[in-house]
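A.B. asks: Based on the sequences and whatever the hints tell you, model everything.
All residue numbers for the sequence shown refer to the UniProt record's numbering, where the first residue is 1 and numbers rise by one.
Don't read these hints as lab results, they were simulated from the structure.
Among the hints, erroneous ones may be present.
[Claimed, not checked] Distance condition first, Cα-Cα at most 20 Å in a straight line; then the derived SDA-like pairs of lysine to any residue: (1) K354 <-> F320; (2) K354 <-> A316; (3) K568 <-> H474.
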Amino acid sequence: MTATTKTTTGTRDPDYPRRLLLDEAFLSAELEELAQRRSGPHPVAHDHRAGPRQEAVPGVSVVVATCRGADRLATMMRSLSRQTLPAALFEVVVVCNGPDDGSMELLDRLAGLYPELTVRAVATGEASAGGARNIGLAMARRRFVTMLDDDDELEPRFLATALDHAGEGTVVLLPIVDVSPAGRREERNHLNLRISRLAGRRLPVHEAPWALGFNACKLVETSVARRFTYDPALSSGEDVVYFAHLLTVPGLTLTVPAAAEESAYLRHLSEHSVSRGSDTFDFAVRQRLECVRRLMDIELEDDAAADRARRRLVEAQMAFTARYLQDRPELREEAMEIAADQGLTRAPLHLLNKGLARDLAFLYCFAPYSDSSAVVAAKALVERGRVTDVITATMDGVRRRDPDVRAVVERWLDELVVIETRPSFAGWGDIGAYATQALAAAEERAAVKHYERMYSRALWVGSHVAAALYKLRHWTVRWSAEFSDPMRRDAQGVPRVGPFEDDDVSRRLLAGVRARGFDHELVTSCFDLVELATFVLADELIFTNANQMEYMLADYDDPRLRRLVRGKATVRHHPVPPATAYEAVDADLVLPQGCVNIAYFGSFYPSRGIGEVLVALAGLDETRRRRVRLHVFTNQPDQVREQVAVMGMAPQVHAAPYLPYLAFLNACTRFDVLLVNDVVRDPSMSINPFLPSKYSDYLGSGRAIWGLLDEGSALSAMDLDYRARVGDVVDIRRTLERIVDDLG
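C.D. replies: Written as structure tokens, this is what we have:
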């Protein structure tokens with residue numbers, strides 16, 4: 001028989017648990033007193049222990065957090081008294097939290113009723129299930145620990161079966177049976193069915209993340225369990241967040257016994273249980289999003305499998321919120337505002353928009369790929385401010401991934417449909433394959449969602465091809481088509497090469513053009529065809545600057561077509577990211593003090609652009625040069641380092657790879673000056689039709705902007721703090737001198 005002692009009588013110190021956790025001298029004194037009294041048959045000990053200070057005793061600690069549980073503890077204790085595991089191999093640790101309702105006195109009596117049990121209890125006046133479990137974990141003496149709610153029970157073989165399968169690096173998962181208020185058992189509940197499908201298996205924890213979404217029916221090594229704490233600030237979901245931290249433990253596995261008769265956790269369904277919340281906005285939205293925030297904060301050290309598992313847990317929380325909002329659409333904006341306040345930029349907010357899209361977008365190159373077209377398209381959807389279904393293409397192999405691009409637009413997405421085709425810029429067969437499959441995907445969804453508006457953006461022509469095919473079948477849907485750059489001609493003004501085939505897709509586009517009387521226009525490439533079809537069929541044509549529109553129209557002689565295009569044209573500069581995007585992540589930059597920090601983000605060309613800035617920087621007098629640091633974030637940082645080393649400029653120039661998009665936005669807010677340059681215009685081009693998209697990103701940072709300008713360009717008409725002629729090293733040097741004198 002195991003007996004324990006009672007260290008306090010009469011009134012209880014409400015700060016007792018905190019003193020045990022924080023005051024090592026007090027803890028040692030209490031443990032010494034407890035050791036001296038262990039020989040007497042006392043009913044219950046009110047004590048604590050100091051985490052890892054003592055070697056774990058074999059067996060199991062059953063931790064129970066109870067709040068006003070006097071009417072529930074008897075049933076729970078009776079189930080523990082019936083365990084087939086010898087009483088010497090387990091202890092019961094009860095933490096009473098909140099107002100005193102007589103639970104401590106009841107535990108005294110129950111311990112007397114079951115003298116074979118080791119029952120240790122402590123009380124704290126603070127009502128917090130998570131805080132109480134933290135105290136219980138600190139008190140646990142046995143090698144393994146399991147959680148038990150005060151209104152639940154364990155079947156007789158639960159502890160024995162769990163301990164039989166326990167081991168180092170293993171979490172044991174046992175069955176869970178629901179019990180109705182009338183006493184009816186439901187073994188085929190959703191959770192238990194999932195557990196039963198794993199019977200007899202041992203698998204990495206990250207392969208079954210759903211098993212981490214609750215406290216019940218698990219056995220964990222106490223040394224592992226103590227690495228983490230429940231978050232007492234969470235009103236609910238603290239169990240999900242706590243167990244999600246197990247994803248950070250390398251090599252941790254989940255074991256589900258093949259034979260588990262009489263070994264179930266009995267979950268009583270009642271209004272008192274901590275784990276069953278009410279259907280209120282606070283519980284379903286605010287508390288769920290707080291839980292998501294804590295889950296997103298867990299550091300997983302680039303473990304892709306663990307990150308996927310964490311995302312499943314996040315999605316489960318978001319799905320709960322989505323179900324609540326489905327019947328309460330008027331509360332959706334408030335939910336999104338709370339998500340923004342929580343900083344949930346990278347959370348799957350699209351789940352809250354399920355089924356709401358009435359806008360459709362064909363965006364061949366889109367999130368999560370790192371590409372200027374993808375980034376600007378994401379910002380454009382944010383600017384449009386309407387929940388949208390996006391149909392895109394896989395770009396793996398030609399573009400690297402950057403999850404931050406999607407984070408920018410996440411709150412406006414409903415479905416993101418990815419068409420698995422070979423990415424191609426000019427291959428008509430691959431472009432047509434995407435457009436045909438994208439059209440089918442759109443038709444399937446349109447039958448339910450009844451789209452009202454459509455948006456497409458290209459330099460990747462597949463976007464406009466798919467949109468044109470959809471427009472030809474849905475004339476009432478308003479199509480807004482945006483051109484990122486001239487389509488027929490490249491950056492040097494040379495006609496792009498890319499023949500199109502005589503197939504169903506090209507015939508439909510040509511028929512649409514012919515029906516509107518513009519089939520006489522010369523079409524020799526897929527770029528010609530798509531540009532013309534878009535001009536003719538779209539309801540709105542969006543150009544990034546007026547130069548671009550005029551440059552593109554110069555290829556057409558028909559004044560009717562020019563009037564048609566101008567009549568539905570909108571000149572809209574690249575959208576500025578929302579202010580929250582600049583604060584979403586920390587770029588983790590350490591910048592030198594006492595000098596002017598200038599940043600350039602873009603490609604490196606030794607003979608022009610940033611290369612000319614390096615030459616100008618080298619030409620500064622020594623005093624000014626020492627007061628400047630140029631930070632180059634580029635696709636070729638090694639080449640930049642080699643160049644500056646040859647020039648003897650290494651102390652003044654820092655080269656680094658491109659940053660993820662949100663980190664880039666945050667970095668923009670940290671520098672004194674941001675450098676952007678015009679595309680160098682080919683002499684054959686009468687005007688510069690390009691507007692660097694980087695300018696709009698810089699504009700939202702609030703920092704000074706320096707432009708290297710082509711005369712008459714769109715960028716030259718923008719609001720800039722400093723200006724220099726692109727390609728003019730002398731003018732660039734003079735501008736550098738002004739910057740240093742102004743800011744240094």
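A.B. asks: So, for every hint listed, does it hold in this structure?
C.D. replies: A quick look at each hint next to the structure:
1. The hinted pair formed by K354 and F320 meets the criterion: a straight-line CA distance of about 12 Å does not exceed 20 Å.
2. Straight-line distance between C-alpha atoms of K354 and A316 comes to about 14 Å, which keeps the hinted pair within the 20 Å bound.
3. Taking the CA atoms of K568 and H474, the gap is near 19 Å; set against the 20 Å cutoff, the hint holds.
In summary, this structure violates none of the numbered hints.
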